[in-house]
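J.: For the protein sequence lines, the chains are X and V, in the order given.
As numbered in this note's numbering, residues 1 to 554 make up the first sequence, in order.
As numbered in this note's numbering, residues 1 to 445 make up the second sequence, in order.
Take these hints with a grain of salt, some might be off.
Claimed, not checked - Simulated crosslink set (DSBU-like; lysine-lysine; CA at most 35 Å straight-line):
(1) V:LYS321 x X:LYS438
(2) X:LYS115 x X:LYS153
(3) X:LYS194 x V:LYS252
Everything labelled a hint here was simulated from the structure, so no lab data went into it.
Since the structure is predicted, the reported quantities are computational estimates derived from the model, not experimental observations.
The primary structure of each chain is shown beneath.
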Amino acid sequence: MSVEAPGRPDASGRGAAFSGAAGGDELTVVEPLIFERSRAERRAVRFPQASAAAREAAAGQPELPASVLRAQAPRLPEVSELEMLRHFNRLAHLNQAIDLNFYPLGSCTMKYNPKVNEWAARLPGLAESHPLDPEALSQGSLELMWLLAELLKEISGFGAISLQPAAGAHGELTGILMARAYHRANGEGEQRTKVLVPDSAHGTNPATATMVGYQTVTIRSNERGGIDLDALRSALGPDVAALMITNPSTLGIFEDQIDQVLAAVKESGAIAYMDGANLNAILGRFRPGETGFDVMHFNLHKTFSTPHGGGGPGAGPLGVSERLEPFLPRPMPILVDGDPEEVRANAWAGRSTPGARFALDDDRPQSIGKVRSLYGNFGMFVRAYTYIRSNGDSGLRTISEDAVLAANYLRVKLHDVYDLPYDRLSKHEVVFSGRRQKREHGVTTLDIAKAILDHGIHPPTIYFPLIVEEALMVEPTETESLETLDHFVGVMREIAELAATDPEAVKRAPVTTPVGRLDEAAAARRPDLRYRFGDEADGVAPVASPPESEAPTT
Amino acid sequence: MTYSPHTEADRVLMLDAVGVESVDDLFADIPATVRAGAWDVPPPLAEQEVRAELARLAGRNRIPEVSFLGAGAYRHLIPSVVGEVIGRSEFATAYTPYQPEVSQGTLQSIYEFQSLICELTGMEVATASHYDGATATAEAALMACRLTRRSRVAVSAGVSPDYRRVLQTYCSGPGIEVVTVPVDLAEGGDGTTDPSAVESLDEVACFIAAQPNFYGQLEPMRDLADAAHAAGAQFVAVVEPTSLALLEAPGKYGADIVAAEGQPLGIPVSFGGPYVGLMAARMASVRQMPGRLVGATRDEQGRKGYVLTLQAREQHIRREKAASNICTNQALMALAATAYLAAVGPTGLREVAELSATQARHLAGALGSAGLAERRFGGTYLNEVALRVPDAARRHAALAERGIVAGHLLERDEPALRDTLLLAATELTTDDDIARLVGALEETR
Chain X
1 MSVEAPGRPD ASGRGAAFSG AAGGDELTVV EPLIFERSRA ERRAVRFPQA
51 SAAAREAAAG QPELPASVLR AQAPRLPEVS ELEMLRHFNR LAHLNQAIDL
101 NFYPLGSCTM KYNPKVNEWA ARLPGLAESH PLDPEALSQG SLELMWLLAE
151 LLKEISGFGA ISLQPAAGAH GELTGILMAR AYHRANGEGE QRTKVLVPDS
201 AHGTNPATAT MVGYQTVTIR SNERGGIDLD ALRSALGPDV AALMITNPST
251 LGIFEDQIDQ VLAAVKESGA IAYMDGANLN AILGRFRPGE TGFDVMHFNL
301 HKTFSTPHGG GGPGAGPLGV SERLEPFLPR PMPILVDGDP EEVRANAWAG
351 RSTPGARFAL DDDRPQSIGK VRSLYGNFGM FVRAYTYIRS NGDSGLRTIS
401 EDAVLAANYL RVKLHDVYDL PYDRLSKHEV VFSGRRQKRE HGVTTLDIAK
451 AILDHGIHPP TIYFPLIVEE ALMVEPTETE SLETLDHFVG VMREIAELAA
501 TDPEAVKRAP VTTPVGRLDE AAAARRPDLR YRFGDEADGV APVASPPESE
551 APTT
Chain V
1 MTYSPHTEAD RVLMLDAVGV ESVDDLFADI PATVRAGAWD VPPPLAEQEV
51 RAELARLAGR NRIPEVSFLG AGAYRHLIPS VVGEVIGRSE FATAYTPYQP
101 EVSQGTLQSI YEFQSLICEL TGMEVATASH YDGATATAEA ALMACRLTRR
151 SRVAVSAGVS PDYRRVLQTY CSGPGIEVVT VPVDLAEGGD GTTDPSAVES
201 LDEVACFIAA QPNFYGQLEP MRDLADAAHA AGAQFVAVVE PTSLALLEAP
251 GKYGADIVAA EGQPLGIPVS FGGPYVGLMA ARMASVRQMP GRLVGATRDE
301 QGRKGYVLTL QAREQHIRRE KAASNICTNQ ALMALAATAY LAAVGPTGLR
351 EVAELSATQA RHLAGALGSA GLAERRFGGT YLNEVALRVP DAARRHAALA
401 ERGIVAGHLL ERDEPALRDT LLLAATELTT DDDIARLVGA LEETR
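Here chain X stands alone, though its shape is the one from the complex (with noise of 0.2 Å):
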């Protein structure tokens, strides 16, 4: 088989995405699977042979009996290193990613990662932190915890932190399973079994209910895009556990109401989870903790800058109220000798405070438990530290003010051409929706993400929120550049153009991606979900599927 790696996205951006894709009837051939590079005795990595000394020690001990033995030994690929090197590169020159162009997917804050973040991470000082070393030699991880939830605290007006959720759902969970054990301390865990979600939620929210026991009740948003306060107060009642209320909400939306959301909240004995995915846009305009929530998560992958990885890792902090504090996981990083203002002041002035001790508490008896192995995800921590001391204050102010003034600007540059339900106000994302282009035109939204496909930039997120009509999702995020912004402008003026005088040529999109759209009905049908050695049936087999929505959302 022949191969050729497809072009890379050229630097503008503005030609097209895939040149080595582009043009011409030619097919790409698509790089193969790492089995079809596999040649037996092939090999990257060696390793030493045990010397004869460590033989001979080992030999009174007990041998594997043959019943614990594998009888065939697995199939891995045998390539070499420049082969597998080659094979993961030319997989990388398939993907578009926030390094190398435009990337405004709206809920998922897909903002430049700082390089610095990943040295940190990678500090053999911290990368080789055993999490059961004693804690006396692992000081420093755990001083970077505290400190870390010491800023979160800060921002988020919370008085007490968890770092433990592995993501935002995680993160969901863990909230909603204290909410519950709050309720059951008060003795009205029987009674509270239901979760409010407004209609504007992410998918998470009531997933999350359904893994704590609780039925979720949708409340439906007013005309403005916010909470319907009318049909919030007549579900709340002394039978509802939580609200989980996200803010700035999924159309990117602040809830100007918040204060009587959660004062009805409050008079009604739940509990507010506030759903932090959108805290991009309020750094140091909006603490949820003091303003009566109740609980938040954060996603360090969003508003702190670390990478998405292609989905995950993330992580999913938690800030609580004092009520909520003794139900957080265990165990929790904490200052056990040494001043904690003393400890602060000295790590914001990059000195280390001689006598200060750091361990993990888990005596905490009213713990809702664990909810991952460990810690959590420890470098992403340490990603998230570095990116808000390089920041500091002032520059987590200016994330907020960019982020915000970057999507009003799209706003205003396209509102014209793409309708928008909700015309207010943008904070950190604008939704728009391609109804008018589906209506005049027969051009979907689907077609409209396809066709920015092939002007190199990642289309927006589509179909979500569920209650704007063919929604297209816009999060420009903080670190994009006029010039930028300005040029996705044009492309989206150019497909509504387009979509006016030549539909067609909009439903062909994508033309210049390394595939073309593909068929998911089929995937879905008849699932191939891993690679079938020669020597394999077919076992491909179809599946009776409920449909499958073209949905994709963050």
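Got chain X sorted already, so can you dock chain V onto it with the hints?
T.: Relative to the frame of chain X, chain V by itself:
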């Protein structure tokens, strides 16, 4: 330091376009009563300053010169080429491949990952990844409950105590009862689970056992699987991935679901994360699996490509009826595991497993013949061994001060195991490391 590209002129131009006077006007929708008060966040740092701060913290850790610590996280060689692969911006700074046409790199690598995990475990389908081994185990238990429509799960006490705590928390959500089946910790016992205790379990959705178990002992997995099936339960095997170069694939001894911590496959110990949870199962159960799956398909021109598939299980489609709330997983760590397995290949992985097992035996043999330690259990072990060492806690602490970590003190997890150290070897364990441990234990006798 700021990463904003905007000049003041840019900002003025943009504010004008939006039609507001100042940036504060963009936040006018935040009610005055809830606007943020003061915070105490330190001022920005230049790169050289922030580097100094991180170097300070890294320097406050003491990385031991010699370590036999494992207990769930293992220091293995990470080939340089693995770091090169996961450091590529195109992988690291992409997101979930919702637009498959520009995400084939991520998608194909996940398909390769799924294929590799299936091949290692002998299973038919593997997910794109979970947070870690503990949450993969907990999600496997919930999956078994959906498959069997039962609401109790059983777990061997040989499964890591950390995993069992996470399992307990996850099961507390929907109100699933967790039953623990003991392992034989008696003097002279073999530290494994008794299959007859599993057979008699009543109405459990699954039985979960680990191979090797937390104490390093090899469990009778085939008998445990048969016993679980006799009880009408799914058998969930928790495995260590490098061991699968030598040990029987779980699919061959009757595992219905496999969960594992993938950290040993090219991921640093990094104070507990990020790691990667592995999960594999039988194809008949795929609709109840949690998390993302990538499948192969074709485009309109017949070119092969990869997409996220069977998404009707997932939260963004099914919302409250989803199999799990998981969204972001550990994709870049799954890529590390994929690159690692490609780099070491079948021969390299076998060498890792064999050398680890040999050095564990070297360690146990050397300490035994010096009269410093004896095996706590009968039976057999693989790469990690529980040894009785008199006055273990004191000597463990004394050795740590000298930069030698003599494994994990098991009495922290199990009071019945006083004076017992769990010592791990990997291919990085040298003869000299073992000699230093022997010497240091001699000196603290």
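J.: For every hint, state whether the structure bears it out.
T.: Tested hints:
1. For the hint pairing LYS321 of chain V with LYS438 of chain X, the CA-to-CA distance comes to about 30 Å; that is within 35 Å, so the pair holds.
2. A C-alpha spacing of about 25 Å is found between LYS115 of chain X and LYS153 of chain X, which places the hinted pair at or below 35 Å, so the restraint holds.
3. Of the pairs offered as hints, the one joining LYS194 of chain X and LYS252 of chain V is violated, with about 44 Å between alpha carbons and a cut-off of 35 Å exceeded.
Hint compliance for this structure: hint 3 alone is broken.
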